[in-house]
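Novice: These protein sequences, in sequence, are chains A and B. Residues in the first sequence are numbered consecutively from 1, following my numbering. Residues in the second sequence are numbered consecutively from 1, following my numbering.
Each hint should be verified, as a subset may be incorrect.
[Claimed, not checked] In silico BS3-like cross-links for lysine-lysine, where the CA-CA straight-line distance does not exceed 27 Å:
#: 1; chain 1: B; residue 1: Lys303; chain 2: A; residue 2: Lys133
#: 2; chain 1: A; residue 1: Lys178; chain 2: A; residue 2: Lys168
#: 3; chain 1: A; residue 1: Lys131; chain 2: A; residue 2: Lys168
#: 4; chain 1: B; residue 1: Lys303; chain 2: A; residue 2: Lys131
#: 5; chain 1: A; residue 1: Lys112; chain 2: A; residue 2: Lys178
#: 6; chain 1: A; residue 1: Lys112; chain 2: A; residue 2: Lys131
It should be emphasised that the hints constitute simulated quantities derived from the structure, not laboratory data.
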Amino acid sequence: MHPDVEFRSVTKRFGSYLAVSDVSFVVPRGSFFSLLGPSGCGKSTTLRMTSGFEFPDVGEILIAGEDMSNVAPYRRPTNMVFQRWALFPHMTVYDNVAFGLTVDRVAPAELKTRVGEALELVGLTSFAARKPKQLSGGQMQRVALARALVKRPKVLLLDEPLGALDLKLRVQMQLELKRIQREVGTTFIYVTHDQGEALTMSDQIAVMNNGRIEQLGSPQDIYDRPMTRFVANFIGNANILPVEVDGISGTQARVHMGSLSFVTDVSEPPATRKALIAIRYERIRIGEAARGLPVMTRGLVRDAIFAGSAVHYLMTLEANQAEITVEAAHDGLSQPIAPGTTVDLGWEPSATRLFPDA
Amino acid sequence: MPETAHPASSLKLAIAPDASLPARQRGAWRRRSIPFLLLLPTLLLMGYTFILPLLTFFQYSFFTYRRGRLVEEFSLETYRRFLFDGYYRTIILDTLWMSALVTIVAVIIGYPLAYALWRLERPWMKRWLSLIIFSPIIVSVVVRSYGWTVLLADQGPLNWMLLKLGLISAPLTLVFNLTGVVISLSHVFLPFIVFPIYASMTRLDPALREAAMDLGAGWWFTFRRVTLPLTLPGLVAATQIAFTLALGAFVTPAMLGGGRVQVLPLQVYHATTDINWPVAAVGGLTLLLMAFVSVALFNRLLKYSEA
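Isolated chain A (complex conformation) (with noise of 0.2 Å):
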C-alpha cells in the first residue's frame, strides 16, 4: 500500500527566494501529520505544492503513489481548508458544501445525502440556509471543513484553519477537528506555527525552518528530544546555555559550565569545545524537589512570576552566574519561592540536550 502522501527531494524557488530546499517526507494513510514552523518557513508552500496551486522545481510529489508533476489542482484527490476560509459568500451554507459534488456532476439524491451528512458531522444541520456573513468564526471554520470533506478526498489539507479565532474556540475546534479526523480516517495534512495544536492533534510533526524540515516525528519526540537548536528553542520553553565539552562517548556527553561538571545528552554532537545545552524551564527541579538528582547545583531566585498553574522563577545559578527560567507547577497552596532565596536546583542527565554553538 502506498503512503498518501510522498516527497521526494523537492525544492521550489520564488525567483531568488528559496522557500523549500530539498525537503523529504512521508505522510502515512489516515494519519494526522504538521507542518510546524515560524511564518516564511516554507510550510504553506509546501502545503500549495501538495494541493497544486505551486509546482516544484525540484523532485517529485506523489499522492497516493502517482506522480503529480503534471496534474491542476481540480484533478488531484486533495481538498483544502484555506487560511481564512474563502467561503463563497453569495452562495448559503448548502450550496458552498454542494459546490464540489455539483461540479463533478453528482446525482441530487446522492449529492443531497452527502452534504447532509458532512453538514451534521460539523453540526451544521440547522444552518444550511444561511450565508456565510451570518456564521460565527466557527461555524465559517465549520463549512470550510465540510466542504472540503464532502469530496471525500484522499488527503485533506488544512492552512491554519483555527488561527482567525479566538484562544477558547481554537482550543474546542482542535479536539473537534481531531474527532472528525478519527470519524472519517482521511489523511490530515494541518499547516500551523502554533506548536500547542500541533502537538495536541498530530500523529507526526515536521519542523520546518528556512525552507527545510530540522525534524520529523511524534509529538512527544519532538517535545522531549529535539534534534536541533531551533527546534529546542521553537517548540516549548528552553533555557540556552554555554557549556564547555569535556568528552563525548555516543549519546551522552560530559560538559560542563563554571564549577558545575555534568552529563547531557546529545542531540548534535559539536565540533568545538563551546557548546549549547538547551533545558526546558519544566525540567528543573526547585528546593526539595531536586534533592537527590543526578545533577544539582544552587541558584538565587531573582523574580517569582505567577502564571495561575505554574510559578516562572528567574534565577542565577550560582556555578557559572547565567540566568534561568525555572517553571515549577503552582499546586494552589503553598507561597511562591521569595526572590533573594538561594534554593537547591537539580534534574535528569536527559533533561539537557548538547547542540554545537553556531
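Starting from the known structure of chain A, fit chain B onto it as the hints suggest.
Specialist: Just chain B, lined up with the frame of chain A:
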C-alpha cells in the same frame, strides 16, 4: 494659585468668542457643521445649474408652441404628443434601442478587457493597457468622430481590408447610420465599463478562485459560479453608467448618424434652435425619466443576484 501662573490658558480664553459654552458642545457643533460647509459649493452649483433649470423646464413643459410662438397657457398638449404621437414614440424607442445596443456592445468588449487587465501580472502591462482603455476620453469628441468617419467609410481602411480578405464582396455601410454611432459610442464608453468591473474584480478574494479550483472546478465553472456573480455589482454599475451616458449622447449621433439616427437629445437640440421650448422641455424631462427608470431597474437586478 495666582492667575498669572497660566498666561497661555488665559490668552486662549480671551480669544475664544463663545468661551461661555462648554468646550464639548462647541466641538460637537463644529463637527456637525463641517460636512455642510464642505457641501455648500456643490449645493449652490446644483441649485443654480440643475434644480433651477429643471423647475423652469417643468413650467415650460405645460406651455404650447403655436405658429412659431410660445403660448404661456397651461396645457398638456406636448405631453399628449410625446405619449401618443407615433413620431415621438419612434424617437423614444430608437433612443432606448441605441442605448441598449451601445451598452451591450461595450459590455461584451469591456468585461473581457477588465478581466484581462485583472489577470495581467506585469505592472507595466497593466499601466499601458489602462492608458489604451482610457485614451478615447482623452481625445476630443469631434476629432474622434471624424476619425471614425474616415476609418469606417465605404472606401476606408476597414472596408478595404475586408474586401481584400474576401470576407465581403461589396463595401459595408458602417458610417452615417446606427452602426457607426454604436461603434463610436461603445468605444468612448469603454473606460466607464472597464474600470468599475475591474475594481470589483480586484476586491475579489483570490482565495475564492483557488477554493473553486480546489473543489474541482475548471476555469469556466469557476467563472460562471464564482467570478461572475461576485463581480456583478461592478458590471451593473458599468451598465448603468454606459446606458445613461448613451441616452444623453448628442455629438456622436449628430456627426456619425448621418441624419438617420434620430435620438431624443437631437430632437431636444432642434427644438431649442427652433425656440420650441415646450418640446425641448418635455424631451429633456423624458430623458431624465428614462435615466432614472433604467438606473432603478438595474439596481433591482443587483438585488436579485447579490449575496
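Novice: Does each hint hold? Answer for all of them.
Specialist: Evaluation of the provided hints:
no., hint, verdict
1, B/Lys303 / A/Lys133, "holds, 16 Å"
2, A/Lys178 / A/Lys168, "holds, 16 Å"
3, A/Lys131 / A/Lys168, "holds, 24 Å"
4, B/Lys303 / A/Lys131, "holds, 15 Å"
5, A/Lys112 / A/Lys178, "holds, 26 Å"
6, A/Lys112 / A/Lys131, "holds, 18 Å"
In summary, the structure agrees with every hint in the numbered list given earlier.
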